[in-house]
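> These are the residues of each chain, in order.
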Amino acid sequence: MHRALMVKCQWQSRLGEAMSRSLISYIADIFALSDEEAMVRVQESNDSKAFSMLHNRWQPKIERFCRWQLGDAHRGEDVAQEVFMRLYARRRQFRHDGQFSSYLWRLAVNACYDELRRRQRKPELSLCVADDEGNYGEAMLESDEPSAEAVFVERERSHMIKQALQKLPEMYRSVVLLRHYEGLKFREIAAVMDIPEGTVSSRMAEALNRLEEMLKPEIGS
Amino acid sequence: MAHPGQDEWMKYLYGELAPDDHERRARHLLECEACREQVERWRGTMGGLEGGRAAYMGGRGVNPSVFRLTRWAAAAVLILAVGIFAGRYTAPGPDMDRLYRDLEVSLASSLETRLTENMSRMVQEERLAMANIQGEYRREIEQMFQGALEEYAAETYQASAETMDKALVKLTESLGEILDELDRRLAEQEKTRKELVNFASQTQDEIMINRQGLEMLFAALNRMNN
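Sequence lines, in order, name chains A and B.
Counting in the numbering used here, the first sequence runs from 35 upward without gaps.
Counting in the numbering used here, the second sequence runs from 52 upward without gaps.
Heads up, a few of these hints could be off.
[Claimed, not checked] Over the 12 Å line for every Cβ pair with chain A, so calculated as not near, a few chain B residues:
hint : residue
1    : R92
2    : E101
3    : A142
4    : Q185
5    : D216
[To be verified] For each label pair, taking beta carbons as the anchor points, the in silico distance ranges come out as:
hint : chain 1 : residue 1 : chain 2 : residue 2 : range
6    : A       : N80       : B       : Y140      : 31 to 41 Å
7    : A       : N80       : B       : V174      : 33 to 43 Å
8    : B       : A199      : A       : S68       : 39 to 49 Å
9    : A       : R124      : B       : F136      : 49 to 59 Å
Bear in mind the hints are in silico, worked out from the structure with no lab data behind them.
These figures come from a predicted structure and were not determined experimentally.
Don't be surprised by glycine CBs; every beta carbon is placed ideally from N, CA and C.
Generate coordinates for the entire structure from the input sequences, incorporating the hints supplied.
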């Protein structure tokens with residue numbers, strides 16, 4: 035954890051340095067560069083501005099995927115940073131004729147699998163533990179938000195869904211997160227996971243079958 | 052009735068099928084109760100998952116006390132930003148006209164090339180899409196036409212085959228009648244032949260008898276003359 039924090043600080047300072055350059059050209063580049071073009075720049079000239087652009091564009095998606103795939107907000111954050119470290123470290127492996135999104139998602143899925151396997155070998159307490167009310171660190175909302183009861187119901191619902199997803203085997207969970215929440219097509223997920231498209235959609239069906247049992251009270255309401 | 056597999060239903064539920072295939076699956080659901088029930092169960096589960104979307108898409112989960120601290124930090128940053136802006140506005144400002152000119156030149160040069168390329172790419176994609184659509188229509192029309200031709204050929208062949216069969220039946224019947232007639236005539240011929248043979252034998256016998264009678268008469272006459 036200490037190492038992860040150190041590395042995170044290092045990366046944040048590098049990104050901050052990159053972002054402190056001309057705002058105008060930065061905005062122009064956001065509209066100008068596609069992901070693949072930016073990655074080529076990173077490959078060929080170690081362009082930190084291009085890498086920063088990719089990081090800003092993709093970091094929220096990768097982080098939320100890692101959080102839900104691992105079921106742990108803090109580890110998810112660390113693994114998401116790990117993903118971008120691997121992206122930069124392995125920048126030469128990116129093929130110009132490939133799709134950047136598939137490449138990045140593949141790094142994220144594999145990083146999460148590695149973390150889950152590591153956890154199985156060395157079980158450790160999750161830092162993301164429930165409080166006395168069974169909440170996994172969800173933000174407390176102020177009284178001027180929708181009624182407290184509605185908030186409570188919403189929180190319970192999302193908690194039940196998170197728990198149900200955590201009970202799925204990781205290969206089913208990743209398909210559900212990528213298809214249902216991230217909106218990737220089945221053929222895109224097949225490219226990410228390097229399996230046939232039919233296998234992806236079959237895993238989705240099996241995941242829904244298992245989730246149906248676990249979410250019966252939720253579906254009924 | 053053939054039922055689509057689970058993987059095909061997933062593509063149906065997530066809207067990844069081509070319009071024709073989607074239509075076929077929808078029709079199948081109207082006809083097949085078992086598939087309809089299963090699809091409805093899956094839809095229910097997908098709806099259940101939607102309850103987690105806000106939490107999935109939402110911000111990072113934070114400890115309540117950290118959240119309150121973050122709000123104080125945000126308030127402090129806001130006050131600092133207001134102070135900085137106030138200081139900047141009261142200080143002699145930069146040459147805005149020059150800034151705008153520089154901004155315009157920079158943006159124009161950066162965006163012009165990219166916009167042109169994007170437009171070209173979009174036009175190319177539209178052309179490809181149109182070509183694909185045209186190709187699909189052509190194939191559809193060819194299939195429809197081919198289907199109609201095959202149907203016509205099948206009907207024509209069927210009609211021809213029936214006509215041939217009828218003609219063959221008639222021909223067979225005619226041949227049968229001819230053969231019967233031939234048999235009858237052969238039988239008659241045989242009968243006539245036999246009658247002729249009998250008549251010939253009888254005639255020959257009578258001629259022999261007459262001849263013998265004549266010889267005896269001639270002999271008698273000769274004796275009388277002598």
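> If you check the beta carbons of N80(A) and Y140(B), does the distance land in 31 to 41 Å?
holds (39 Å)
> That 49 to 59 Å hint for R124(A) and F136(B) (C-beta), does it hold up?
For R124(A) and F136(B) the Cβ distance comes to about 43 Å; the hint is violated.
> For R92(B), is the shortest beta carbon distance to chain A beyond 12 Å?
R92(B) not clear of chain A: closest Cβ-Cβ about 6 Å, inside 12 Å.
> Look at the Cβ atoms of N80(A) and V174(B) and judge whether their distance stays inside 33 to 43 Å.
Holds, since N80(A) and V174(B) (Cβ atoms, about 34 Å apart) stay within the stated range.
> Beyond 12 Å from every Cβ of chain A: is that where the Cβ of Q185(B) lies?
holds (24 Å)
> Beyond 12 Å from every Cβ of chain A: is that where the Cβ of A142(B) lies?
holds (20 Å)
> Does 39 to 49 Å hold as the CB distance between A199(B) and S68(A), or does it fail?
holds (47 Å)
> Is the Cβ of D216(B) more than 12 Å away from each Cβ in chain A?
Check passes; 50 Å lies beyond 12 Å.
> Should the label of E101(B) as a non-interface residue stand, given a Cβ cut-off of 12 Å to chain A?
violated (8 Å)
In summary, the structure is inconsistent with hints 1, 2 and 9 from the numbered list given earlier, while agreeing with the others.
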